[in-house]
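Enquirer: Residues per chain are reported as follows:
Number of protein chains: 2
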Amino acid sequence: MSDEVRHIAVADLQRFISRCFVAAGIEPAPADTVAALMAEADAFGSDGHGVFRLPQYVQRIRDGGINTRPHIEILRETTAMALVEGDNALGHLVMHFAAQLAIRKAREHGIAWVGTRYSNHAGPAGLYARMPLAEDMIGLYLAVGSANHLPPWGGTEMLLSTNPIAAAIPALEEDPIVLDMATTVAAYGKVKTKAQRGEPLPEGWMIDREGQPLTDPQRANDGFLLPIGGAKGYGLSLVFGLLAGTLNGAAFGRDVVDFNADSHTVTNTGQAMLAISLQAFGDPLAFKRSVDGIVRDMRASPKLPGVDEIRLPGERSWKIHRERTAEGVPLNAALLQRLEQLANELGVDGPV
Amino acid sequence: MSDEVRHIAVADLQRFISRCFVAAGIEPAPADTVAALMAEADAFGSDGHGVFRLPQYVQRIRDGGINTRPHIEILRETTAMALVEGDNALGHLVMHFAAQLAIRKAREHGIAWVGTRYSNHAGPAGLYARMPLAEDMIGLYLAVGSANHLPPWGGTEMLLSTNPIAAAIPALEEDPIVLDMATTVAAYGKVKTKAQRGEPLPEGWMIDREGQPLTDPQRANDGFLLPIGGAKGYGLSLVFGLLAGTLNGAAFGRDVVDFNADSHTVTNTGQAMLAISLQAFGDPLAFKRSVDGIVRDMRASPKLPGVDEIRLPGERSWKIHRERTAEGVPLNAALLQRLEQLANELGVDGPV
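Chains A and B are the protein sequences, given in the same order.
All the letters of the first sequence, read from the start, carry residue numbers 1 to 352 under this note's numbering.
All the letters of the second sequence, read from the start, carry residue numbers 1 to 352 under this note's numbering.
Some clues are possibly wrong.
Since the list gives no way to pick out one identical chain from another, each pair is judged satisfied if it fits inside one copy or across any two copies.
[Claimed, not checked] Keeping only pairs whose Cα atoms sit at most 20 Å apart, straight-line, the calculated EDC-like set for lysine to aspartate or glutamate is:
{"#": "1", "residue 1": "303", "residue 2": "222"}
{"#": "2", "residue 1": "303", "residue 2": "210"}
{"#": "3", "residue 1": "303", "residue 2": "208"}
{"#": "4", "residue 1": "303", "residue 2": "157"}
{"#": "5", "residue 1": "288", "residue 2": "255"}
{"#": "6", "residue 1": "192", "residue 2": "216"}
{"#": "7", "residue 1": "288", "residue 2": "136"}
{"#": "8", "residue 1": "288", "residue 2": "175"}
{"#": "9", "residue 1": "319", "residue 2": "309"}
{"#": "10", "residue 1": "288", "residue 2": "174"}
{"#": "11", "residue 1": "319", "residue 2": "174"}
{"#": "12", "residue 1": "319", "residue 2": "173"}
Think of the hints as simulated: they come from the structure by calculation, not from any bench.
Only chain A is shown next, with the shape it has when bound in the complex:
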């Protein structure tokens, strides 16, 4: 297999994704919405959560695991919260709806919390946390992961997922701070990327059922991910799962469908989104200036021996975003081949 990497413009990537979805039966407007978010994921460097997932999403559509004509709607709401019924749409559509709703409510009421049920895998958490930034809002996002890879602390049954949290916080001249993290040492998407690239897993990402380190990504099914901070990461995964899943009547724990292994069962994925308007708390400009100051204090502070630079959460993703906006998204040979094959199957033009 060639190691060659091809670059594709973000807009071209979006168009490719969109035509694949349309060919798979999604209507053009929602196909475009999902494609824009997936291409944005790649543009920000979320290599395990962008176009890499397209073949899997298309497979799920073909196998009847996605509703291609969904009616996404508000099930319950107050001034500052809502529960959104996703009607088993592609997760990006449900979360796009939920995030826009949270922003609209936060504009009026200072803050808003919106939960989703009957959603699906929606790509990287950062996509949705970043949405309120343009409105001078802080975004927070929680999700139940789309497959269980984490046992409770001390256990061996995978009852929990990587249940991520993302937070995006506006700055003035500096890039916004964007934390986007799994509650496990590594997200499962990163394991999949390693497998796809044929690279070993760093020790500490996974252990096997005897508690021994697992470093061969092809053996990922023989073990499970490790939570950050031991029992603490387990606690965070559990709490985020209850907030993003159980609270919304969405799946959590033993009910979670492994969307990697099963492409036809309704997943009933749950997510939650919080938008906080800076305006409600004071002067947005003063807040953003303070964030700039904190960012600069961190970055300029003294370093441990051997450390080159102190980074802020999201710093790397903004840098990648600038690079890829200019130079396009790099697709490795294996991924490119897989996407060309998909295009052939769907009877549409390939990505490049």
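Got chain A; can you put chain B on it based on the hints?
Expert: Chain B only, in chain A's frame:
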């Protein structure tokens, strides 16, 4: 020094704390509110955050670092959020006000977020996260820690604190799930408890300025705490600090006053509280039944070799609470001696 441990009834502990505060100049009603919360902290096993802190709080009052006649008020509010001015009161009073306000707003609007400024150290995070439980609400609490003990990831300047998160989630027959965790491997309160007990620190809690493990709690000032999950814990501490501090116009980063070293400067501590009403999202009974099921699934799931039991976050604290409610709070000889000395200084009856 004797190793003897004396038990004191929770109600007696509360009365002791209250009379110390009154003797130090706090009015009786607020003194009682703070005392009840501090005794509750001890009853739940937060040994580093209950009566253990009393001498320090009293010292701060004597040194003019606490406003003994505060006017705690709402600075800004919408239907679902508020910003509370703590007027440099004891932190427990500010957070008691903020939590009650969040609960009241969540009763009407489904959710509420309340931030504080010019607050102070308020004891363990779990105290406030648990408050909404009785109303069938989920509680979330974030705080800026009262001294910086954590550098940014890769750095050596302590610009961050242990900035904790607590979450309390109602169950039906099972104990509520209560996660109460620092974003560092260990909270600084635990380091203080180890120092006070003359016990070494486990490796992994702290490193020194060369990056070497630090295990002597008497040398705590020569090093700093480690975040959970490396860069991830740093990111969580940063984000929680921005949400609980900067957003409220409270101190964060370089502005944080080390309340262990300085007992007279106004700390401008910030906290944030979120209350979520189960009723807004659906049937509270169904939710709590689901939580019971998840708790039981976790607990009964298979264990790694050598593991005795799988616990839920907060499980230990509920067990301790039952024990201490029945048998009293154990005070070791060193702490008891310190409290008796304090009572003497204040001219009030001792704790036992």
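Enquirer: Next step is simple, just say for each hint if it's right about the structure.
Expert: Now for the hints, and whether the structure bears them out:
| no. | hint | in the structure |
| --- | --- | --- |
| 1 | 303 - 222 | between (39 Å within a copy, 16 Å between copies) |
| 2 | 303 - 210 | between (38 Å within a copy, 10 Å between copies) |
| 3 | 303 - 208 | between (35 Å within a copy, 13 Å between copies) |
| 4 | 303 - 157 | between (40 Å within a copy, 8 Å between copies) |
| 5 | 288 - 255 | between (42 Å within a copy, 16 Å between copies) |
| 6 | 192 - 216 | within (11 Å within a copy, 42 Å between copies) |
| 7 | 288 - 136 | within (9 Å within a copy, 36 Å between copies) |
| 8 | 288 - 175 | within (10 Å within a copy, 41 Å between copies) |
| 9 | 319 - 309 | within (14 Å within a copy, 45 Å between copies) |
| 10 | 288 - 174 | within (9 Å within a copy, 43 Å between copies) |
| 11 | 319 - 174 | within (12 Å within a copy, 47 Å between copies) |
| 12 | 319 - 173 | within (15 Å within a copy, 50 Å between copies) |
Comparing the model with each earlier hint shows no violations; every hint is respected.
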